[in-house]
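A.B. asks: Read off the chains here:
Number of protein chains: 2
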Amino acid sequence: MSKSRDHSHAASDRRDWARQVEKFCGQRELQLTPLRRQVLDILAGAQAPLGAYAIIEALSREQGKAVAPPTVYRTLDFFLENGFLHKVESRNAYAPCEHLGRRHHGILLICARCGRTDEIESPRVDEMLQETAAKAGFSAQRQMVEVEGLCEACGKAA
Amino acid sequence: MSKSRDHSHAASDRRDWARQVEKFCGQRELQLTPLRRQVLDILAGAQAPLGAYAIIEALSREQGKAVAPPTVYRTLDFFLENGFLHKVESRNAYAPCEHLGRRHHGILLICARCGRTDEIESPRVDEMLQETAAKAGFSAQRQMVEVEGLCEACGKAA
DNA sequence: AAGTGAACCGTTATAACATAACACGTCGGC
DNA sequence: GCCGACGTGTTATGTTATAACGGTTCACTT
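First to last, the protein sequences are chains A and B.
All residue numbers for the first sequence refer to the numbering used here, where the first residue is 1 and numbers rise by one.
All residue numbers for the second sequence refer to the numbering used here, where the first residue is 159 and numbers rise by one.
This list has only true hints and no planted wrong ones.
Just so you have them, the derived chain A footprint on chain B, three or more residues with Cβ under 8 Å:
1. 263-275
2. 278-286
3. 296-308
Keep in mind that the hints were calculated from the coordinates and are not lab data.
The structure presented is a predicted model; accordingly, all values stated were derived computationally and were not measured.
Each residue gets a CB set at the ideal place from its N, CA and C atoms; glycine is no exception.
Taking the hints into account, I'd like the entire structure generated from these sequences.
C.D. replies: Here it is as structure tokens:
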């Protein structure tokens, strides 16, 4: 399998994500409606974060379902509010949260070449950011860390 | 003056910024044209990061000058390319870069209450991010770190 | 059974952010 | 004088996101 420790962007990871979201919805009595499941599948099937309009197109293409923007944005809000999804601010796109249930603040690694993103966690970075901000008199609530560069595969290719 | 070490968002800081940009343009033979200077002044006069369309409105209001979006975006590009400005990705806004000339990767502290942003630098955070990414096989090129929370003033007010 | 409220989705319209493509003027070098 | 680079103006359009209103379903109450 992959030799480094599981940062593979593999389809299996994303399918895993979909399964976990499903499980969480069951546990917390959140409604995973048909629309939400369709969007979940589309996101789970994507190799890179999707924009809202890409999801609209995918719904139309793959499910033959024509939906307007608000419908998709509401669905995205649902996933975001429940911590199932991250918004990739630098790209206006939405990516599966790979660490469901944990207190998040993920670090997003965005490949400039293939567009795929990986999410990693680092409590040390989180703490250091918190502290660094505190030194400036700032009380941190939410962190957004996005790193653009080359993923392992693209780094080797180049 | 301010008791903590100079994270005051003070108007004087921003005027300082404008002066430094001016200086840099002189040194590097960059043209600080009338339009660019007007935009510079508007940004220097703002208490919080401005969006492109806010700048358009300000140009119209303060300078009586009606400009179309491309004109402003080109000006912003000029400032961004030369490292004079940061784009605040989570807000689609543009903020003065407070550390001209240094290799940047600033950390943006964005107050959720008053909207003001402060930029701090932390080589340690930068390094740690770099390392953390490297452990995931990722070669980092550009970092975006935005922290939302309460600035000192707003923290006390609340 | 009728009444109520919450959650979800559909629909229309529009707001907010950003860029493509082309035109024109100025200025410096040849 | 011609040319190319640069900056700006202008028109049109592309992309991302939300406001506002309507309708359905369903659980719960009375």
